[in-house]
Structures are given as C-alpha cells and as structure tokens.
Amino acid sequence: MTIDRTPAAGDSVLSILYEDNHLLAVVKPPGILSQADDTGESDMVTLLKQDLKIRYGKPGNVYVGLVHRLDRPVGGAMLFAKTSKGASRLSESVRSRAFDKIYIAVVHGSPAARAGRLRHYLRKDSARNIVSVHSQEVSEAKEAILDYAVVSNRNQYSLIAVRLLTGRPHQIRAQMSAVGCPLVFDRKYGAPAPDGERDIALWSASIGVAHPVTKEWITFQSFPPQTEPWTRWSEEELQQALTILPDRERV
Numbered sequence: 001m002t003i004d005r006t007p008a009a010g011d012s013v014l015s016i017l018y019e020d021n022h023l024l025a026v027v028k029p030p031g032i033l034s035q036a037d038d039t040g041e042s043d044m045v046t047l048l049k050q051d052l053k054i055r056y057g058k059p060g061n062v063y064v065g066l067v068h069r070l071d072r073p074v075g076g077a078m079l080f081a082k083t084s085k086g087a088s089r090l091s092e093s094v095r096s097r098a099f100d101k102i103y104i105a106v107v108h109g110s111p112a113a114r115a116g117r118l119r120h121y122l123r124k125d126s127a128r129n130i131v132s133v134h135s136q137e138v139s140e141a142k143e144a145i146l147d148y149a150v151v152s153n154r155n156q157y158s159l160i161a162v163r164l165l166t167g168r169p170h171q172i173r174a175q176m177s178a179v180g181c182p183l184v185f186d187r188k189y190g191a192p193a194p195d196g197e198r199d200i201a202l203w204s205a206s207i208g209v210a211h212p213v214t215k216e217w218i219t220f221q222s223f224p225p226q227t228e229p230w231t232r233w234s235e236e237e238l239q240q241a242l243t244i245l246p247d248r249e250r251v
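Heads up, the sequence shown is in the UniProt record's numbering, so the first residue is 1 and it goes up one at a time.
Calculated from the structure, these hints are not laboratory results.
Being a predicted model, the structure only gives us computed values, none of them experimental.
Glycine included, every Cβ here is placed at the ideal spot set by N, Cα and C.
It is possible that some hints are incorrect.
Claimed, not checked - With a Cα cut of at most 25 Å, we get these calculated DMTMM-like pairs of lysine to aspartate or glutamate:
1. Lys215 <-> Glu92
2. Lys53 <-> Glu19
3. Lys82 <-> Glu41
4. Lys188 <-> Asp147
5. Lys49 <-> Glu92
As the list claims (entries may be wrong) - Now the in silico label distances, taken between C-beta atoms and shown as ranges:
6. Glu140 <-> Gly190: 47 to 57 Å
7. Gly60 <-> Thr243: 26 to 36 Å
8. Ser152 <-> Val62: 18 to 28 Å
9. Asp37 <-> Arg95: 16 to 26 Å
10. Val45 <-> Glu92: 17 to 27 Å
11. Thr243 <-> Pro59: 38 to 48 Å
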C-alpha cells in the first residue's frame, strides 16, 4: 500500500499523509524540530499531541511516539506511533534496518559516479552541532552508509535520490559534502550562502515499513513544495527519484 501527497502552498503545519489507531504519517515542515529540546521552540511531537487532543477531544495526556528523526532544516514524510506497542515495533524496524527511507536532494556539481554507495565514519561535535567525515574508523565516530543515484543535471546542480542504510545526524549533508557535492543552501556543509534565509534542498520523500500490527508493507510519499531549487525539475523527474535506486537491501 502506498500513500502519497504533494504539499501545496498554504498547507498547515500538520499535513497528514495517513492515520490509523497505531501510527501517524505526516509532512514535517523544514525548520520544525522533530522532538523538543531546551530551546522551547516548536517540535513535531508536541504539535501532534496538541492536534490529536483537539481533534479527538481527548482528556489528559496524549501518546505520540517518536520513531525516527529528521534534521531541523529538512522537510518531508515522517512517521510517528500512536501507541507504545506501535512505537516499540516501529523502533525495532529502525534498529534492524527494516525501515526504508528515500530522500531527494539538490546538490552542487555532480558525484564522480552517477550512482554508488558512500561509506564513511561520522563524528559529531555536539557543541558546534556539526559532524566531521572520516574515511576510516576514528574514536567516537559511527559508520554511515548510503546509496545514491543522480536523476538529472541542471546547469551546476544535480537532482539525486538517496537511500539511507544507517541513520546518523546530518548524514546525507555531511557525506555529500565530503564527495564535493554539498546540498544547495546548506551553508553549514560548504554550500555558497544564499540571498536571505532558504531551506536546504533535502526532502524526506518516501518511508516504507511493515505495519506494526497488520505486518502489511506500507509506503508513505511526499514531495517538496514548488520553490527554488525544486522547480528546476519536473514532477516526472521527482517521481523518478523514487524508483531510480536499486531495490532495498540489508547492510
């Protein structure tokens, strides 16, 4: 079963892709935290709890389980659990790498190979909120693996599809920068500074997972808004990004 929706201008923060008694798939807007931190700024878990409480008239606390995270500047499909049992089973899917995640991105330049696998070791500097990329194991670094494929090129930009095989903070941003292709508007990892504030060109386009109760494989899809640089590519090319990668495999 596949559920897809393309966000339109004026969408509310809570754009729901799918909902049942066990899980909730939504479109996370760029700039919103996945989970609350000490800044007190808006986060998806809190917003969803408030939304469920209002929509269903629920008294007391509402359960929303965080299954995976998206970096704050990243938008797109995101999955949450509505029960603790659902959260446990979905989290196990993430840990066992039975959780399929495909992103689309626009990068500067083009990778040396049109498709391939990147394997690095990432070490996070929490104080600066940035990760360093290493070709070999180093202290406190975690292995990071992704598959990518170039969909097409426009002038100095490339539209790429990425399947994450591990889920590390800033993984796509750091690894693509390490091969000389920083994401458009991602100043933290080497992209030229844009005029004004811009969301980085990275979008969570597809999530696939076995339903925590029915075990049916379900896929949720979302596509980026019609803004620069996404408007350089047609709807057909954005759709192609979801099928250009090899079939999912375990690492």
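Hints and how they fare:
For the hint pairing Lys215 with Glu92, the CA-to-CA distance comes to about 13 Å; that is within 25 Å, so the pair holds. Annotation: proposed proximity of Lys53 to Glu19 holds, straight-line Cα distance about 14 Å (limit 25 Å). A hinted pair counts as satisfied when its Cα atoms are at most 25 Å apart, and Lys82 with Glu41 qualifies at roughly 22 Å. Proximity of Lys188 to Asp147 is assessed by CA-CA distance (about 22 Å); at most 25 Å being required, the pair is judged to hold.
Between Lys49 and Glu92, the direct Cα distance comes to roughly 23 Å. Compliance with the 25 Å bound is thereby established for this hinted pair. Glu140 and Gly190 have their C-beta atoms about 22 Å apart, which leaves the hinted 47 to 57 Å range violated. For the pair Gly60 and Thr243, the beta carbons lie near 44 Å from each other, so the given range of 26 to 36 Å is not met. The supplied range of 18 to 28 Å is broken by Ser152 and Val62, whose beta-carbon atoms lie about 43 Å from each other.
At about 23 Å, the CB distance of Asp37 to Arg95 agrees with the hint of 16 to 26 Å. Taking 17 to 27 Å as the suggested C-beta distance range, the pair Val45 and Glu92 conforms, at roughly 19 Å. Our hint of 38 to 48 Å for Thr243 and Pro59 holds, since their Cβ atoms are close to 45 Å apart.
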